[in-house]
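Spelled out, the chains give:
Number of protein chains: 2
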Amino acid sequence: MQIEDLKRLCKLGSRTPGHPENVVTDGIEVTTEYGFQYNVLSGPLGQGVANAVGLALAEAHLAGRFNKSDAVLVDHRTYCIMGDGCAMEGISHEAASLAAHWKLNKLILIYDDNQNTIDGSTTLAFSEDISARFKAYGWNTITVNNTHEDMGEFKKAILCAHNETEKPTFIKVKTLIGKLSVKEGTSDAHHGTFKEDDANKMRQKVKWEDREPFHVFPMVYREMQIHTQDGERLEKEWYSTLNYYRSRYPQEAAEFEILLNGGLVPGWESSLPTWSKSDPVDATRGYSEKCLNHLAKVLPGLIGGSADLASSNKAYLHGYKDFSLPNSPCGRNIRYGVREHAMAAISNGLALHGSGLIPFAATFLIFSDYMKNSIRLSALSHAGVIYIFTHDSIGLGEDGPTHQPVEQLAGLRAVPRLLVFRPGDGNETAGAYRVAIANRDVPSVIALSRQKVDSNLDGTSADSVERGGYIVSDNSGQELPEIIFLSTGSELCLCEGSADTLRKEGRKVRVVSLVCWRLFDRQPIEYKESVLPRRVVKRVSVEAGSPHGWREYVGAEGLVLGVEDFGASGAYLDTFKKFGFTQENVTKLARSLVDHQSC
Amino acid sequence: MQIEDLKRLCKLGSRTPGHPENVVTDGIEVTTEYGFQYNVLSGPLGQGVANAVGLALAEAHLAGRFNKSDAVLVDHRTYCIMGDGCAMEGISHEAASLAAHWKLNKLILIYDDNQNTIDGSTTLAFSEDISARFKAYGWNTITVNNTHEDMGEFKKAILCAHNETEKPTFIKVKTLIGKLSVKEGTSDAHHGTFKEDDANKMRQKVKWEDREPFHVFPMVYREMQIHTQDGERLEKEWYSTLNYYRSRYPQEAAEFEILLNGGLVPGWESSLPTWSKSDPVDATRGYSEKCLNHLAKVLPGLIGGSADLASSNKAYLHGYKDFSLPNSPCGRNIRYGVREHAMAAISNGLALHGSGLIPFAATFLIFSDYMKNSIRLSALSHAGVIYIFTHDSIGLGEDGPTHQPVEQLAGLRAVPRLLVFRPGDGNETAGAYRVAIANRDVPSVIALSRQKVDSNLDGTSADSVERGGYIVSDNSGQELPEIIFLSTGSELCLCEGSADTLRKEGRKVRVVSLVCWRLFDRQPIEYKESVLPRRVVKRVSVEAGSPHGWREYVGAEGLVLGVEDFGASGAYLDTFKKFGFTQENVTKLARSLVDHQSC
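Heads up: the sequence lines are chains A and B, in that order.
Here the working numbering is used: the first residue of the first sequence is 1, the next is one more, and so on.
Here the working numbering is used: the first residue of the second sequence is 1, the next is one more, and so on.
What the hints contain is simulated information worked out from the structure, not anything from laboratory work.
Check before you lean on any hint, since a few could be wrong.
It does not matter which identical chain is meant; a pair holds if it fits inside one copy or across any two.
The calculated SDA-like cross-link candidates involving lysine to any residue, where the alpha carbons are at most 25 Å apart (straight line), are [unchecked claim]:
no.	residue 1	residue 2
1	LYS167	ASN145
2	LYS290	ASP441
3	LYS207	SER131
4	LYS321	PHE214
5	LYS68	GLY231
6	LYS538	ASP521
7	LYS538	HIS318
8	LYS155	LEU559
9	LYS135	LEU159
10	LYS103	HIS318
11	LYS156	GLN251
12	LYS135	LYS172
13	LYS7	ASN145
14	LYS167	ARG8
15	LYS528	VAL220
16	LYS508	GLN251
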């Protein structure tokens, strides 16, 4: 970071955007709310607190897993600065509760208690005893009243935090916002700029009148240099420890280095199971369970859990323990409780810890709504989190419309960079995992059914998933098909069934799986044309979700069968029938299109 | 509710769906997680706690506003039962903090402490001292250890809560899940069904062997009858109080009755301001501020606030106080602090209180992600909340990609029933408010710009907004236009500018505002054809958001100018330029389409 970067604050293309982004500026661990601007701007508040819990969790897990009494490889503290806004957001409450439950004693949360939010004094909307709240979660709590005149009290608090062996530490620090300015102590100092006149008066008060703007004192450079040298020395020491570790603990060292190199081992893909038509059928969440458990054996960094739905999501690594301190830090199953938002942001922390961990986070697809902003931040900050979202349509049945996702797929598909998969059978599920795991800088969503799918299909394959969309079956030979079905997930089999019926009637029918829109969109135009030839305008898409977005693939003359309203509580097949997801109806729609267009 | 309804539990079309829905079954205030099933199912957890805070807030506001010492019109308590899952969700933390801040002493939260969640014992992920946490927020806290043998302790707790004059009350009740079953005290009793054998043993234990399934004891019917009679008597008394109130306080009574009748007064629409081309330009958030403040004067039920962004969202009712107890219960501005999720669910409570309140809730469009599930529940449960989301595109500038919405409009448009408006100038903003206010059973999102729009346009009007999409300008006379621009919000002016340039070149150009997709979709096919004639295939959509969904209107041959990646921190015009939102680029795109197609 150079002085020129500071001068280009908030300018397009600078390394000092309005809010720090880990992928833009070196030294930024996570993309969150604290700004390069002279003070704090409200941002995706609370995310940083949960990210910090994720970073501390990564440290505790790896330390417990790899450190030896004679060779300590992982040993750092995680510091997090939190404003009033973060303290109010629910996500920080969720994360704070988990940090204490997990006994993350090396996590230190510094609360900047400046008594002001954007709209005015915190007394407008914040009157709780925040230290008592953190104590109730199980934190060590300290209050520091004086920082502006003397740093002694603050240093003491930090030392006390360092000595804590069981609890994370919360340090409430009373601060004065906009100190020395005419805005001192008021919310006006929270955002906006200082007037030149006011800025000059502040300079006078600290005797900086003779300094140019952006002057940096030589002392600062000197201090930085000392820290750089210290850092170099520590790095050297660490590598010599690692060398010793390699010779003394070769097996553990091998695993540790896989993680250091990003977590992937050559040939890991071959661990994924395959299915054939004769295999017993399952729900795609069942296929997912098998993939996940095969992967766990070859990928030492695979770690994750669900928001109190492990048994429903089938997202549990069998044979591995639950993470907990002090007894099983090596555990690779994480119990998040019913805290979806914190789960996602903690997963971002695990991914961005940069230690080769491959986090997965599971819940029902409907509850992706609870964690939407954190999923977005996975994509923005290159965190390769794998989101496992089961119960992915009205097909979940009895739980009814509060639990039945409709528009969630559409919303997630619109998130930039995010890969959204909705596999239709076992091999497509394996393919989704293959792409998701391989893309360590991109988050993925794998949407999975609660209900059994009809069959494993001959035409699907894990390989094909990489292209996002492909031909599953086609009886038109060298000619163009009369009609194309486009589908995903549990409705793919439904289309196959309808296609069979129509083929028996002498129709030429193609079935296309559009398992990941974004990957298909990225294919060369020739490939896309080969799958969806422009001249075939009779197309029907079938997906038990919002029709939103399907027009892109179905074209102006095609039909979109989707769910246009909220779902309904009922047995799965009754609910599917109510919304038209039966083979009969799909066949009828296709026929109407072919017949109508033939006239 | 009849016995037959219970027998049809979870069956399609029954009045007893898997989770209760206020619009399906009488007597259900809000759509939330507690099930008709014999025990609790995890649902959109925590929503009910925030809904309850909204209901209690409505009561406190109306009581303070209308009650007289000799005539009490509003006086009820709000009870809420909360499970462990609700207790873990961040939204319940946010709402609990606000309930105490607002001193909602007539709110009683009963925590069903059964020590089990779906995945097992609560000790897996929940070790905080929850009573201490609620005490820290400022709640009165009570623990009840014994309920299964003797209700005395519980009754005493309720009485104690009733006597509380300043604080909401939290009652932690230790319970035994699946009592008398083989699943007693375990998470297996949380969901699924009891085996016949086990169910029979439970019957034996309570001496019900001789009862048919679904037997209801006569005592229950008798008790219900007594309560029904009590209710009738109380209703009569209340109406006589209202009659007295009418004669004694005619002015207040008139206002109260407007609320009772749903909150709308004849002619309220005429209070909305109008703008003409010569008026000074503003950001659409500025136009919104004027609309909101004009409406506040004629709509006594208009009440709301923002999540600590009142000044940025310009969502503040000037001349009205902030709600607070005991000093200003009549205040119609609500300070939510930085708690978006609770804000939305509290707004649902305000709307579903059924007392004519018209709640608005404001934040930046990007933070709609924090409250997504509650917005969905507004739509599902017919709560006419008005969501005011400003800073609606990359046009917000310096704050950068963490603050710049891209995919949010697409995601919200996909939510069933929700009306999403993105007005382009003053009159369209007024039109959006007109439709939003009129639809008391449907929630609305009004997306507004931070930056000034270029101009108030001649061709826009508040009336036209009702149709969702309409022609703003066209120079093709009786002929069809060569090209159609489709746009919304701050980009509408940009299209007008490009259209002018092209018209000067002799082109026939139409500009269409697609201010609310859903309303346009509902228009008769003839109207849609008149706005977007099928034969005009040269179309360009211009919206500074995800392209997702635009293909529906632009057709297979049209061009979609959208934002395909995350935004960037920079001055507004620089950022707009980077993503192609300049008059030059829009004109160029249109020209390329016309020229290419002419070949």
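Going down the list of hints, with the structure as the test:
Taking CA atoms no more than 25 Å apart as the test, LYS167 paired with ASN145 passes inside one copy only; the shortest distance there is 22 Å, against 29 Å between copies. Within a single copy, LYS290 and ASP441 get their C-alpha atoms as close as 24 Å, which meets the 25 Å cut-off; across copies the closest is 45 Å, which misses it. When the C-alpha separation of LYS207 and SER131 is checked against a cutoff of 25 Å, the pair qualifies neither within a copy, at 37 Å, nor between copies, at 51 Å. In this assembly of identical chains, the alpha carbons of LYS321 and PHE214 never lie at most 25 Å apart, being 53 Å within a copy and 43 Å across copies at closest.
For a Cα distance limit of 25 Å, the shortest separation of LYS68 from GLY231 inside one copy, 23 Å, qualifies, whereas the shortest one across copies, 71 Å, does not. For a Cα distance limit of 25 Å, the shortest separation of LYS538 from ASP521 qualifies both inside one copy, at 20 Å, and across copies, at 22 Å. Taking identical chains as interchangeable, the C-alpha atoms of LYS538 and HIS318 are never at most 25 Å apart, the minima being 47 Å within one chain and 57 Å between chains. Within a single copy, LYS155 and LEU559 get their C-alpha atoms no closer than 67 Å, and across copies no closer than 60 Å, so neither meets the 25 Å cut-off.
With identical chains, the CA atoms of LYS135 and LEU159 are at most 25 Å apart within one copy only, with a shortest distance of 19 Å there and 29 Å across copies. Taking identical chains as interchangeable, the C-alpha atoms of LYS103 and HIS318 lie at most 25 Å apart only when both belong to the same chain, with a minimum of 24 Å there against 48 Å between chains. Taking the shortest Cα distances, LYS156 and GLN251 never come within 25 Å of each other, neither inside one copy (41 Å) nor across copies (63 Å). Proximity of LYS135 and LYS172 under a CA criterion of 25 Å is satisfied in both settings, with 12 Å inside one chain copy and 19 Å between copies.
Within a single copy, LYS7 and ASN145 get their C-alpha atoms no closer than 33 Å, and across copies no closer than 63 Å, so neither meets the 25 Å cut-off. For a Cα distance limit of 25 Å, the shortest separation of LYS167 from ARG8 qualifies neither inside one copy, at 41 Å, nor across copies, at 50 Å. When the C-alpha separation of LYS528 and VAL220 is checked against a cutoff of 25 Å, the pair qualifies neither within a copy, at 57 Å, nor between copies, at 66 Å. Taking the shortest Cα distances, LYS508 and GLN251 never come within 25 Å of each other, neither inside one copy (57 Å) nor across copies (74 Å).
The structure fails to meet hints 3, 4, 7, 8, 11, 13, 14, 15 and 16 from the earlier list, while all remaining hints are met.
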